[in-house]
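Chemist: Could you put together the complete structure from these sequences and hints?
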Amino acid sequence: MCLGIPGELVEFVQEHEDLAVVDVSGVRRRVNVGLLADEGLRPGDWVLVHVGFALSKISEREAQAVFDYLQGLGQPYADELDALRGSDIA
Amino acid sequence: MRFVDEYRDAGRARALAERIAGSCRPGRRYTFMEVCGGHTHTIYKHGLEDHLPSEVNLVHGPGCPVCVIPMGRVDDAIHIARRPDVIMTSFGDMMRVPGGSGSFLDAKAAGADIRMVYSPLDALKIARANPDRRVVFMAIGFETTAPSTAMTVLRAAAEGLGNFSVFCNHVMIIPAIKAILDSPDLRLDGFIGPGHVSAVIGCRPYAFIARDYRKPLVVAGFEPLDILASVHMLLGQLAEGRCEVENQYARVVPWDGNRIALSAMSQVMRLRPHFEWRGLGFIAHSALAMADEYAAFDAERVFDLPGLRVADPRSCQCGEVLKGVLKPWECKVFGTACTPETPIGTCMVSSEGACAAYYNFGRFSREQISAAAREPREASQP
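Protein chains in written order, with numbering that gives the first Met the number 0: chain A, 0 to 89; chain B, 0 to 381.
These aren't lab readings, by the way, just hints derived from the structure by calculation.
A hint or two may mislead.
[Claimed, not checked] Chain B residues, not near chain A, derived (Cβ > 12 Å throughout): (1) R241; (2) D297; (3) A336.
[Claimed, not checked] Each computed EDC-like pair below joins lysine to aspartate or glutamate, with the alpha-carbon atoms no more than 20 Å apart: (4) K124(B) with E14(A); (5) K326(B) with D188(B); (6) K124(B) with E16(A); (7) K56(A) with D255(B); (8) K124(B) with D17(A); (9) K124(B) with E38(A).
Ideal Cβ placement from N, Cα and C applies to all residues, glycine included.
Modeler: Now the structure itself:
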């Protein structure tokens, strides 16, 4: 429920300043980055994504560590990725 | 010992476990509560308890948002969902949580339009696409999740969306920790503080735990090494006679939290005078409702709700498990009448619930569970 999944910021969405496309394990979806407006996010940055919102900016090294941890979780991570695949935030 | 051995940093985990053992004063018992369900999951998944010295006892706290939703609130949500003009939207975790008369899944099977969403923003999109229906988002979660609901409502308000509302069940971790500290049932020596909740609220709100209750708290990450490092930090504080809030998870948690998230929450939501937590009872100022300015987006004001309080099943001991008084396997229905397939209590529903985590990672053979469940014990007496 409180899972944060690491995503790499690919690009900002032109028509909405709070939305950006992130890549989570090859799944590209739009998420809201409004909570990190103070962080000066740029493409290539890594963020922890929770229920469609980027919650924290993290290092690439941390992203890899979280990714390893999540893969070890098994089903809960698979469920989270499935839910993300079904997401279509606009 | 196979669990931690499967972990990529098994060597470092074992080294930390040795340092933990060296930090314990012989004969003294240390009881630490991990507040967050994600931590509980890691502890069971990797069998961390087997690697801690017998002096260290980890007890599991109330930090599983699905687990603490009282049955009456589930019934209220189903009452809304049954209306033909309503589309109810919910995180997947919530679908199997039992109310007094079934779950979302049961209501969906009976014809209610209940849709799983990944994000409240997905619920917003459904509202835009269905202007002739009323779309309700079942909002649950601690401070990790509440800002997402708040930001979504702000967006709905900016768009002037008239058919979207939130059934707000957001709860707050600090009042729950305080209730546990004030409970006579349990003596704790310190806390492993929640990770992602703290990314929002920061570390300052925990200061009273160290100052007024003289208990150390270490905000921790979710990996096995994080948990072990936090236990080591707690023991270090106790050995040195310190009681402080420390941040082991600084790579994600800023000391002051997330300013924008806190501001969105305080704009859109207000404190409830009290809220019922499943198993813990009513806790003052422990949950959020929609603020008056956003009444149009408040499902509690848009719809008439029964608002009935429903007592937990008598056989269910989730309350004791959520307070850390009972270990999951000590509950008299654990693994027998209550399983993840047919949960009686909420702790068996979510993967972060202590009971589901215990059950799924096979910490006990079914024979042991049955034997344990048959043994009479004081805590289970009415």
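Chemist: Hey, K124(B) versus E14(A), does the alpha-carbon distance stay inside 20 Å?
Modeler: holds, 16 Å
Chemist: K124(B) and D17(A): Cα distance at most 20 Å?
Modeler: holds, 15 Å
Chemist: Is R241(B) truly not at the interface, in the sense that its beta carbon sits beyond 12 Å from all beta carbons of chain A?
Modeler: The claim stands: R241(B) keeps its Cβ more than 12 Å from every Cβ of chain A (closest is about 27 Å).
Chemist: Mind verifying the non-interface call on A336(B)? Its CB should be farther than 12 Å from each CB in chain A.
Modeler: holds, 23 Å
Chemist: For the pair supplied as a hint, K56(A) and D255(B), is the alpha-carbon distance within the 20 Å limit?
Modeler: holds, 14 Å
Chemist: So if I understand the rule, the pair passes when the alpha-carbon distance is 20 Å or less; does K124(B) with E16(A) pass?
Modeler: holds, 17 Å
Chemist: Do the alpha carbons of K124(B) and E38(A) lie within 20 Å of each other, as the hint requires?
Modeler: Distance ~27 Å between K124(B) and E38(A) Cα, so the pair is violated.
Chemist: Over 12 Å to the closest beta carbon of chain A is the bar; see if D297(B) clears it.
Modeler: Since the minimum Cβ distance to chain A is about 20 Å, D297(B) lies beyond 12 Å and the statement holds.
Chemist: Are the Cα atoms of K326(B) and D188(B) separated by 20 Å or less?
Modeler: holds, 17 Å
Checked against the numbered hints above, the structure violates only hint 9.
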